[in-house]
Amino acid sequence: MLEVKDLHVTVEDKAILKGLNLTVQPGEVHAIMGPNGAGKSTLSAVIAGKDGYEVTQGSILFEGQDVLEMEIEERARAGLLLGFQYPIEIPGVKNIYLLKAALNAAREARGEGEIPAPEFMKLVREKSAEMQMDTSFLQRAVNEGFSGGEKKRNEILQMLVLQPKLAMLDEIDSGLDIDAMKVVAKGVNSLRSADRAILLVTHYQRLLNHIEPDRVHVLVDGRIVKSGDKSLALELESRGYDWVLEESVA
Amino acid sequence: MNAPERFLERLNARREDDPSWVAARRQAGAARFAAVGFPTRRDEAWKYTDVRSIADGDFALAADAEFSPERLAACALELDAHRLVLVDGRFNAELSSLDALPAGVSVTPLSQALESNHEQVGGSLGRLAGVDFSAFTALNTAFADEGAVVRLAPGTVVDKPIYVVLVSRANAQAVMSHPRVLIEAGARSEATVIEHYAGEDGAANFTNVVTEALLERGAIVNHYKLQEAASGDLHVASIHADQGRDSRFNSFNLNLGGSLVRTDLVTDLNAEGAEAAYYGLFFLQGRQHVDNHTLVNHNAPRTFSNESYKGILDDRSHGVFNGKVYVKKDAQQIEAYQNNANLLLSDRAEIDTKPELVIYADDVKCSHGATTGQLDEDAVYALRTRGIDAAMARGLLTLAFAGEVMEQVKLSEIAERVERAVAGRLPERFNLADLVETAEAVQEA
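In order, the protein sequences belong to chains A and B. Residue numbers for the first sequence follow my numbering, beginning at 1 and rising by one. Residue numbers for the second sequence follow my numbering, beginning at 1001 and rising by one.
Certain hints may be false.
[Unchecked claim] DEER-style ranges, computed between Cβ atoms:
no., chain 1, residue 1, chain 2, residue 2, range
1, A, R125, B, A1370, 37 to 45 Å
2, B, A1103, A, K122, 43 to 51 Å
3, B, N1339, A, D177, 49 to 57 Å
4, A, G19, B, E1416, 33 to 41 Å
5, B, A1370, A, E71, 30 to 38 Å
6, B, D1201, A, Q25, 53 to 61 Å
Keep in mind the hints are simulated off the structure, nothing from the lab. As the structure is a computational prediction, the values presented were derived from the model and not from experiment. Beta carbons: idealized from backbone N, C-alpha and C, even for Gly.
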């Protein structure tokens, strides 16, 4: 589904990713862990298409398509969605507008017509309830005046409505108390299916108690230096990152 | 023959049966207008607004007020209201509905008010906007024979909005109209008055309106000017409010249409506790030109004003904002806030903005500011990551910018109308009209 090969990325002439390889198959949940500054957020930002990241080498393929050749919105319509670590506030743009416009854009890309209003309303009500969000949030401006936890739940609400093929969640657990994390994790888990994949970028292991990964990768200094199953995350939690680094250098 | 003479010639050709006091006013207006002529850009108040397209025009007076319910429905608001309809400045009784006014409220076409009760009207008319205010108020005074007179007895609260529709027809010969609106709000009365300038596609007429609102102690008037004239229309308006103790005047000045539009808005806060709020929105495309000149006079201590004007300018349009707050000596403990924010959607659009504070008291709270900017690119990016294309993302953010003023509009019919108009007039690039409609439908479902 996602194939990242030998990816080199610079930001303002500074090399951040230095030959990253990653393959994600449908149905899988991958977690990318690593120390601060390793390039975790850069990876998801490059896949989403944020400005200011220069790919100097390598490729990203999503279902065989060259992601780097696609516009930001085309990537999202193809089913590649990024959940932000710091969701941006958009004063004046109602949540309902964002959801409706985004959903119809994806449907149009798939050759489906616009979603009928009653069906849309039923869908967003249902998904709001799953995220324990009052429907009054739909009429409010995107993330404006939301608490940290509400912003994260709103990110997942968008995922639940848009049903991406690959959901990339950047530090989705940061700033969440345990109850909010359970709600967010439940939402993410409901996205799991045989034809979808999830990429979690996280600094801490605790999220992975709630969203169990199939594969765990350690990203250090712009490269994935070690991969394993979920037990690797536990090992990182107890031993830190230094041993991985030493092992990879050796 | 010069331009003022050409305009006044139409006057001489017309009125013969005026009561003497009206005739005297007309003569004073005409004399003043003949003396000063049309303003030029050498006049400080008209520095950015060139009115030659008016001065050079050839405008007749409308011969009739013919209009059909269908044509009205095509341009007016669907509103449960007391309605008075003027067609090219002439009263249309069939399309008006003024039968269900509550006790203590009268809404009368100016022509009838002059006939039946001229002394009372004569006392108030022109008190706030005399012939000296501008060449256009002088011209209006010379010509005005139709309009709306709204009177509220003390303590009256009007159940529904008073909706004055001023239609500009697509005529073979361009016409001019000089409507006059007079609002007399007695003590503790309350009303919403809407002046809706609506037009037919292809209309290219000249409207020159003067509105005067007198608010007695504790009166509340919500005044809407919704200007949606056709793209060829020329529009000059002068709105004046005079406020007694603890009164409140809420002005909504919403300009979407017209080719050349000038609005002067003046409030006098004459006694303690008087409060004025000015909300303005202008959305310009093509070569539209809209000039808003606002003035708040804090003439008494403990008076309050708050002003927020927003402009969205596209293509080669030109906006002007000149907002002045004047605080008289000894008008202590007043509060005055003023802000003008503009969004330029095109490199060739132009805004000239000048907020001004003139303060002769020393114990006041005042602030003013003006900002002009582009859209937040981080927000554009965030929307695009959800699959929304860049054009629609910009449209949503433009709508959001307008929304910050529109959330003050308590009449949902107007708020939705403006939202749709802003969304719908960005069709090529933004394509938002459907979205707004469906989102509204969802909300109502």
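Outcome of range test on Cβ distance (B/A1103, A/K122; 43 to 51 Å): 48 Å, holds
CB-CB spacing for A/D177 and B/N1339 relative to the 49 to 57 Å hint: Cβ of B/N1339 to Cβ of A/D177: about 38 Å, so the range 49 to 57 Å is violated.
Range hint 30 to 38 Å (beta carbons of B/A1370 and A/E71) holds or violated: Hint holds: Cβ distance 35 Å, inside 30 to 38 Å.
Verdict for B/D1201, A/Q25 (Cβ pair) under range 53 to 61 Å: With a Cβ separation near 58 Å, B/D1201 and A/Q25 satisfy 53 to 61 Å, so the hint holds.
Outcome of range test on Cβ distance (A/R125, B/A1370; 37 to 45 Å): 42 Å, holds
Outcome for the supplied range 33 to 41 Å, where the beta carbon pair is A/G19 and B/E1416: Once the Cβ atoms are compared, 55 Å apart, the range 33 to 41 Å for B/E1416 and A/G19 is violated.
In summary, the numbered hints that this structure violates are 3, 4.
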